[in-house]
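Visitor: Letter by letter, the chains look like this.
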Amino acid sequence: MDYFIELFFSGLSRGAIYALIALGYTMVYGIIGLINFAHGEIYMIGAFTSFIVATILTILGLPLLAIIVLTGIAAVVWSASYGYTIEKIAYKPLRHAPRLSALISAIGMSMFLQNYVLLAQTSDFLPFPTLIPDFAFMEPIAHIVGSTDLVILITTTVSMIFLTVLIKYTRIGKAMRATAQDRTMAMLVGINVNRVISATFVIGSSMAAIGGLLIASHIGQINFYIGFLAGIKAFTAAVLGGIGSIPGAVLGSVVLGLTESFATGYVSSDYEDVFAFSLLVLILIFKPSGLLGKADTQKV
Amino acid sequence: MSVKLNKKIAAVAAGFLMTVALPGAGLTADTIKIGVAGPHSGDLASYGLPTVNAAKIIAEKINASGGINGKMVELLIEDTVCKPEIATNTATKLVSDGAQMILGGICSGATKAALPIYLDAGLLVISPSATNPPLTQSGEYPNFFRTIAPDDAQAQLDVDFAIEKMGYTKIAVIHDKGDYGKGFAEFAKQFIEASGKAEVVLFEGVTPGQVDYSAVVQKVKQSGAETVIFGGYHPEASKIITMMKKKRLDATFISDDGVKDQTFVKVAQENAEGAYASGPKDTSNNPLAQQAVQEHKDMFGTDPGAFYENAYSAMLAMTNAAANAGSTDLAALKKALQTVPVETPLGSITFDEKGDAIGVGFSVYQVQNGEWVELK
Numbered sequence: 001m002d003y004f005i006e007l008f009f010s011g012l013s014r015g016a017i018y019a020l021i022a023l024g025y026t027m028v029y030g031i032i033g034l035i036n037f038a039h040g041e042i043y044m045i046g047a048f049t050s051f052i053v054a055t056i057l058t059i060l061g062l063p064l065l066a067i068i069v070l071t072g073i074a075a076v077v078w079s080a081s082y083g084y085t086i087e088k089i090a091y092k093p094l095r096h097a098p099r100l101s102a103l104i105s106a107i108g109m110s111m112f113l114q115n116y117v118l119l120a121q122t123s124d125f126l127p128f129p130t131l132i133p134d135f136a137f138m139e140p141i142a143h144i145v146g147s148t149d150l151v152i153l154i155t156t157t158v159s160m161i162f163l164t165v166l167i168k169y170t171r172i173g174k175a176m177r178a179t180a181q182d183r184t185m186a187m188l189v190g191i192n193v194n195r196v197i198s199a200t201f202v203i204g205s206s207m208a209a210i211g212g213l214l215i216a217s218h219i220g221q222i223n224f225y226i227g228f229l230a231g232i233k234a235f236t237a238a239v240l241g242g243i244g245s246i247p248g249a250v251l252g253s254v255v256l257g258l259t260e261s262f263a264t265g266y267v268s269s270d271y272e273d274v275f276a277f278s279l280l281v282l283i284l285i286f287k288p289s290g291l292l293g294k295a296d297t298q299k300v
Numbered sequence: 301m302s303v304k305l306n307k308k309i310a311a312v313a314a315g316f317l318m319t320v321a322l323p324g325a326g327l328t329a330d331t332i333k334i335g336v337a338g339p340h341s342g343d344l345a346s347y348g349l350p351t352v353n354a355a356k357i358i359a360e361k362i363n364a365s366g367g368i369n370g371k372m373v374e375l376l377i378e379d380t381v382c383k384p385e386i387a388t389n390t391a392t393k394l395v396s397d398g399a400q401m402i403l404g405g406i407c408s409g410a411t412k413a414a415l416p417i418y419l420d421a422g423l424l425v426i427s428p429s430a431t432n433p434p435l436t437q438s439g440e441y442p443n444f445f446r447t448i449a450p451d452d453a454q455a456q457l458d459v460d461f462a463i464e465k466m467g468y469t470k471i472a473v474i475h476d477k478g479d480y481g482k483g484f485a486e487f488a489k490q491f492i493e494a495s496g497k498a499e500v501v502l503f504e505g506v507t508p509g510q511v512d513y514s515a516v517v518q519k520v521k522q523s524g525a526e527t528v529i530f531g532g533y534h535p536e537a538s539k540i541i542t543m544m545k546k547k548r549l550d551a552t553f554i555s556d557d558g559v560k561d562q563t564f565v566k567v568a569q570e571n572a573e574g575a576y577a578s579g580p581k582d583t584s585n586n587p588l589a590q591q592a593v594q595e596h597k598d599m600f601g602t603d604p605g606a607f608y609e610n611a612y613s614a615m616l617a618m619t620n621a622a623a624n625a626g627s628t629d630l631a632a633l634k635k636a637l638q639t640v641p642v643e644t645p646l647g648s649i650t651f652d653e654k655g656d657a658i659g660v661g662f663s664v665y666q667v668q669n670g671e672w673v674e675l676k
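Chains as they are written, first to last, in my numbering: chain H, 1 to 300; chain Y, 301 to 676.
Just chain Y, same shape as in the assembly (with noise of 0.2 Å):
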């Protein structure tokens, strides 16, 4: 019995030490490594793994003509769950496995939990998703850049679209009580009161699901509102717009790129005529993200998922800033990605000291003839 179980324990030893013997192997190889980190298994899975596929496409494209400066790229690619205690774990792996560069970071929590491993081992790190604000504008993650928009940028630009383009000076901020709508709604009040050129008449929260929503749009009507800015999802906004067109309420209303979709034309119908929402810049007449597109169908035979032209963009401005840079030191890269314009499905963009990616964002869109119109 003793000699059955330590032969198994041997041969599971053994296994281990080839498995940890593996990488070893690679360093001998002259190559980039670019470790990709991000829910690649459970709930989230699917905001994850367009990002690894992003990395494969690039990483392949790369190698075929020749890698970055000679040097060939090495993907890494390992799972966080979107958790934080075990992206740490993922971090910890990565460093030690020799990751040069990092993409990911997909869930801000998760981002957040690893960052501090990664800067203290002196790699970049680029999320193409983790929209939380503080991740840049904290000051305290210096290695940290994104290729999407943090989550006030779309309240700063509803905000200034209000005051600034429309000249409204009273606003009716308006939440559906969530995570996200509130959030949004708290931004846009933080960044009206700010201005100075216009004020906060009421700021409320509805209960999504509610039977009718005609005493708080009676309220907005009292309050005086030009506008009605409304932090939340589609349902409760188009009950709100029909509920504002029946109470013979003129003001406009602006909101989010939660409301920004067709099903909020198609139920709030000759209501939703009119109404503002920002959302995502349309990139889809930019050839370069046909181009992505296209190389994930003939590469995996289906379409890309989420955050898939922000994954292909942060790994587009990696790569280029490690050509550029001649190096991954961290201080060279950071340079290369500041001050070197790189073209991606995106459009043509840099980042700002703190990380945010200058030309990534949002647009204002109206529904003009039941469709969303962007507006320039």
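Next up, chain H with everything else stripped away, as it sits in the complex (with noise of 0.2 Å):
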């Protein structure tokens, strides 16, 4: 029973993991009907500037939670300018265009990333600075779940709960779910939706920046390449649980961490990624639009 509790929390802090990054995926595919495939490589930028950040702030010497907040910021503003910036160079001028070339765009755009990023920085694997102290009082259940694991699951959580509450009750909220809706229309009753289709990126940008920080700091080092499995992990969670369905993606997430999870404690890791991978084929078998997605057609 130990053992499946241990598998258990491993798979819920994995999908929380791929939660975090999932979230950016579906909420830009529910605005504008477009797969950023660039969205992994953010979370790794967000990964490099938490890097940075926290480097130079260590040698400053400051208080470890002054570091934690400062360095979140610090990920968040940059990679949130970084997507706001993409989607003005690399998706806002194809917006009439074919879907294919946005698709096309997008991956151009993750290979540049990533490309620059190994240029501008290094190929090497990077040691990322431990932020997230051993909690005393998570010591005796540390070999269950660890105190990153628990920081990922709270913020996971709060970000969720955060976004949920940005969606459903504030101005910018309904405007994105009014553009989801019908972009035209949108447009129509004065919302101003290339500021709405901004704010999506934005904050799925910033979503992708916190988990690049939770993430780095739990496994403990970074490359130019961490976003691409990462994103497309992400990716498979967000259509699992219906791509453009903010609770779907959580709920993907989580259900596929668990899958892996359990794939790996009862029968091998060689094969973790055939469950995972199997499990999406006879979900979207029996309910094409994913777990809790919509059955819209007319947006495919």
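No lab work stands behind these hints: they were computed from the structure. Accuracy of the hints is not assured; some may be wrong.
Claimed, not checked - SDA-like cross-link-like pairs, simulated, lysine to any residue; straight-line CA separation at most 20 Å: (1) Lys545/Y - Val193/H; (2) Lys545/Y - Phe135/H; (3) Lys676/Y - Ile463/Y; (4) Lys482/Y - Asp270/H; (5) Lys521/Y - Glu139/H; (6) Lys521/Y - Ile56/H; (7) Lys566/Y - Val53/H; (8) Lys521/Y - Val53/H; (9) Lys566/Y - Ile56/H; (10) Lys566/Y - Asp270/H; (11) Lys521/Y - Thr55/H; (12) Lys477/Y - Ser268/H; (13) Lys521/Y - Val267/H; (14) Lys545/Y - Phe8/H; (15) Lys521/Y - Pro140/H; (16) Lys521/Y - His143/H; (17) Lys545/Y - Met138/H.
Given the structure is predicted, the values throughout are model-derived calculations rather than measurements.
Build the complex: two chains, separate frames, hints provided.
Guide: As structure tokens, this is what we get:
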């Protein structure tokens, strides 16, 4: 039973990691129907920004809490500005072009960002500073849930609540929902659609930056390529949960994380991807729009 | 038009004859011809060219001091591009050009393809870098020797270390699903099972680049393993060892020379402390190794590249054997290689009956205070 609980929490924290990235995919898809393949790279840039800022602040000798907060802010601001700029450069000019053009543009942007970080920084793995200390009160159960796992779970939950409130109850949230439902109509009733789209990219990128910061301090290393696999897995999770749906992205991520964890634990880690993607295929066969997705054929 | 064409053909034919005629001139002089085969162009050239340099340096030294038993050394340098189909052509050319001994085969695949041709011609072949185990162990190529340890030597060393020295009886073997890592892990598994003193409680592959390895670490813990033998490279190794510490798993960590890298210590930081890994024996304190590096700097102005010391040692062993045997007859050379030790940058070496160098190989290292330290 202990083993089951250990695997459950392993899967849960992995799912929470996926969820932070998947939220960005699903929000952008919900608003403009684009799969933003450069999103994994935003996460990677968030991790790199955190690395640079945290290293500098550690040298300056600031207290740990201040380092975490300032690093988080820097990563969010920097990644959000990347997200904003990418949208303006790579997607906005193609908004009325065929969908495939924007998709290719996204893939190109992803490759560009990877190679840009490779050239501007390094191809080596870098050690990420230990930002989240081992809490004393967690020690009795540290072999099951570590301190970083706890922080990731809490942050994901808080982000999720924050996003739900933002979308349900604020002006910009209402504008986002309106744009998602019908962009032309939203424009006609006076919603500044361009601003809504920019805001979506900024929020999605901020989530990815927080994800980058947390995951990097969880596994303790980063390089320019970390965004690729994490991005693919998060995208899978978003599709699993129903792309375009925010609770769906979180549910999909948790389901994917748990599947991988149990597949590793009870079968073999050689087959974790086989199980993850078989599950995806099965769910899409029986529920083509994903777990919580709306059956909305006109979008596709 | 046709006259012009004929003239061109005649010119080409004349040029061809001249190039073919040239090697014939060399036969009159009393020389020992050593063929140097390896990738000298293409993407693997950086593995082959240091061997050419080593051969040139030693040939020059020997010729300056009067040759081998009075015979000058002549090098026949031919490119294989590390491709089996080209390596066979290269071998045929070297044999027909009158090579008496061969230094090379850099890549295992190309070396294996060329070996039957050299064997038919009765030529000794010493490779500085072909690590594929069956090349020596199969017994098919009695003319083949090498100055590098075969791939399975590391796995054998790590398994012996875990079982004999540390006394572990439950071992988890994990790999990164790659050729190198999985190959190592499979050898390790095989040796553990063959020993009869320990059991493999877990044998699994992880996906490189995966966001976290906590599930597989939990599985190791569940299996009750006292140590993890990992086959792969340092990025996954540092992630796994960090996760082992985070999940409070106190099994030790033993790995290969893909992990024995300073980057591993730099990235895993204090979590790397106490980890073991095998790596090539440290030769930097050997005066001959220092001398070999210095000679390279003097002659070529740069630091030597991959397998330089292995190639230097192979060339020394080969020329030494020829001097002791008094001929380049294969049986006499083999006897000399197997019985007369030769001082090389890799230490004093002889060869076993299968063709592997005795005394060349790997040591176990441990991370102590942030540095890899060789365990004696």
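Visitor: Now tell me if each hint is right for this structure.
Guide: Now the hints, each set against the structure:
1. Lys545/Y - Val193/H: violated, 49 Å
2. Lys545/Y - Phe135/H: At roughly 15 Å apart (the allowed maximum being 20 Å), Phe135/H and Lys545/Y satisfy the hint.
3. Lys676/Y - Ile463/Y: holds, 17 Å
4. Lys482/Y - Asp270/H: Holds - the C-alpha atoms of Asp270/H and Lys482/Y are around 12 Å apart, at most 20 Å.
5. Lys521/Y - Glu139/H: holds, 17 Å
6. Lys521/Y - Ile56/H: It is violated: about 37 Å lies between the C-alpha atoms, which goes past 20 Å.
7. Lys566/Y - Val53/H: holds, 19 Å
8. Lys521/Y - Val53/H: Cα-Cα ~36 Å, so violated.
9. Lys566/Y - Ile56/H: holds, 17 Å
10. Lys566/Y - Asp270/H: violated, 28 Å
11. Lys521/Y - Thr55/H: The hint is violated at about 33 Å.
12. Lys477/Y - Ser268/H: holds, 13 Å
13. Lys521/Y - Val267/H: OK: Lys521/Y and Val267/H at ~15 Å, within 20 Å.
14. Lys545/Y - Phe8/H: holds, 19 Å
15. Lys521/Y - Pro140/H: Judged against 20 Å, a Cα distance of about 16 Å means the pair holds.
16. Lys521/Y - His143/H: holds, 10 Å
17. Lys545/Y - Met138/H: Satisfied, since the Cα-Cα distance of roughly 14 Å is no more than 20 Å.
Of the numbered hints listed earlier, those contradicted by the structure are 1, 6, 8, 10, 11.
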